[in-house]
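Q: Going down the list, the protein sequences come from chains A and B. Position one of the first sequence corresponds to residue 1 (the working numbering), numbered consecutively onward. Position one of the second sequence corresponds to residue 1 (the working numbering), numbered consecutively onward.
Watch out, some of these pointers could steer you wrong.
Stated by the list, open to error - One side only, chain A facing chain B, incomplete, derived with CB under 10 Å:
no., residue
1, 37
2, 40
3, 44
4, 60
5, 79
6, 96
7, 98
8, 101
9, 102
10, 104
11, 107
12, 108
13, 111
14, 114
15, 119
These are calculated hints, taken from the structure and not from any lab test. Glycine included, every Cβ here is placed at the ideal spot set by N, Cα and C.
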Amino acid sequence: EVQLVESGGGLVQPGGSLRLSCAASGFTVSSSFMSWVRQAPGKGLEWVSVIYSGGDTYYPDSVKGRFTISRHNSMNMLYLQMNSLRAEDTAVYYCARTSYYGSGRYYFDYWGQGTLVTVSS
Amino acid sequence: DIQMTQSPSSLSASVGDRVTITCRASQSISSYLNWYQQKPGKAPKLLIYVASSLQSGVPPRFSGSGSGTDFSLTISSLQPEDFATYYCQQSYSFPWTFGQGTKVEIK
Chain A
1 EVQLVESGGG
11 LVQPGGSLRL
21 SCAASGFTVS
31 SSFMSWVRQA
41 PGKGLEWVSV
51 IYSGGDTYYP
61 DSVKGRFTIS
71 RHNSMNMLYL
81 QMNSLRAEDT
91 AVYYCARTSY
101 YGSGRYYFDY
111 WGQGTLVTVS
121 S
Chain B
1 DIQMTQSPSS
11 LSASVGDRVT
21 ITCRASQSIS
31 SYLNWYQQKP
41 GKAPKLLIYV
51 ASSLQSGVPP
61 RFSGSGSGTD
71 FSLTISSLQP
81 EDFATYYCQQ
91 SYSFPWTFGQ
101 GTKVEIK
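Bound conformation, chain B alone (with noise of 0.2 Å):
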């Protein structure tokens, strides 16, 4: 199985940081790699799919970049709204696999 992980696993931030989570993979997997932010008893929501591209309706101070193992979601002016925990995910083969989650919480 490919080993998702994710670091930090939680940060303290204020609103206006610019703020970046980075996703390692056990081995290369292209950019087959995408990122959820799900909020406390809510559903996850796609922000990025296939490393980079922002999936509609979600605000463009969310970007992804990588490729390989390495990857990051970046964050460029953190808004109240963007609390949460984020996670990404493999779906280069099976059995597709999540990494453990950074939460981002508020100095």
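So here's chain A without its partners, still in its complex pose (with noise of 0.2 Å):
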């Protein structure tokens, strides 16, 4: 069984930083695709990241250069790394594994429960 489990939030002060991790079991990370996903309070959902198989990485501008994303092959783990932090950046964090049907075309096919990052001093 597929399962995904998020930890790292909590509250922090705008600049700081924060690593979220996500601990997956029932498939293997390495050879998979994976993503992280956020939700503002009371708002829509917002791609962050994803790191493909073979480790090429992708971001939107509002996180390129402040976001990471990187995985640990052993531990089959996923994390994502956030500096300079704005109080825009709230939001529930997910990690989804990211299925690749073929010709570019990718779907979220399974959800951690998420972890709330509230930056705020």
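Mind docking these for me? Both chains are given alone in their own frames, and the hints should help you get the complex.
A: Structure representation (structure tokens):
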């Protein structure tokens, strides 16, 4: 059974840093595509990052240069290092397995329960 | 960036109703379109991928259609557990983007 469990959220001051973790089971992170998706309180969903099985990473402009997605293959873990945090980064952060259908078509087929990050002084 | 616009933003319907939600992309995205369901306080759940493929375990009352810029999600007979918010999402190009959501409420 595929399971994803996030941790590491909490309260951080503007300009601070936080590292989120996602523990995966039931599949191998290193041979999968994995993403982070966030949701600000009362708002919609926003894709934050993806790491391909080959190691390539992509980000939207809103977090590029501040956030870094990575993985630990032997521990089957996914991470999101968040630096220079801003109030607008306040959200629930979900890790999601990202399946590949072919011809560049991807979808998020399994999601964790989310971890709340609050950026406030 | 590709903008995804859902309509309506919310709707009220009764159990047994046929419900259709539409999603329009700001440019052609072929069939690079997925649909998710989210209930309050829960993670999103994949319903439909690549526009019309039903995710394993999802009831067949859910269906998706469309290609290019216009897509739809249809619930053939609304059930009590279907009251939720629904999102479309494109993977045609980075940044991957979601629609703003459609909240389906009980009439």
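Q: Could you tell me which of the hints above the structure violates, numbers in ascending order?
A: 2, 5, 15
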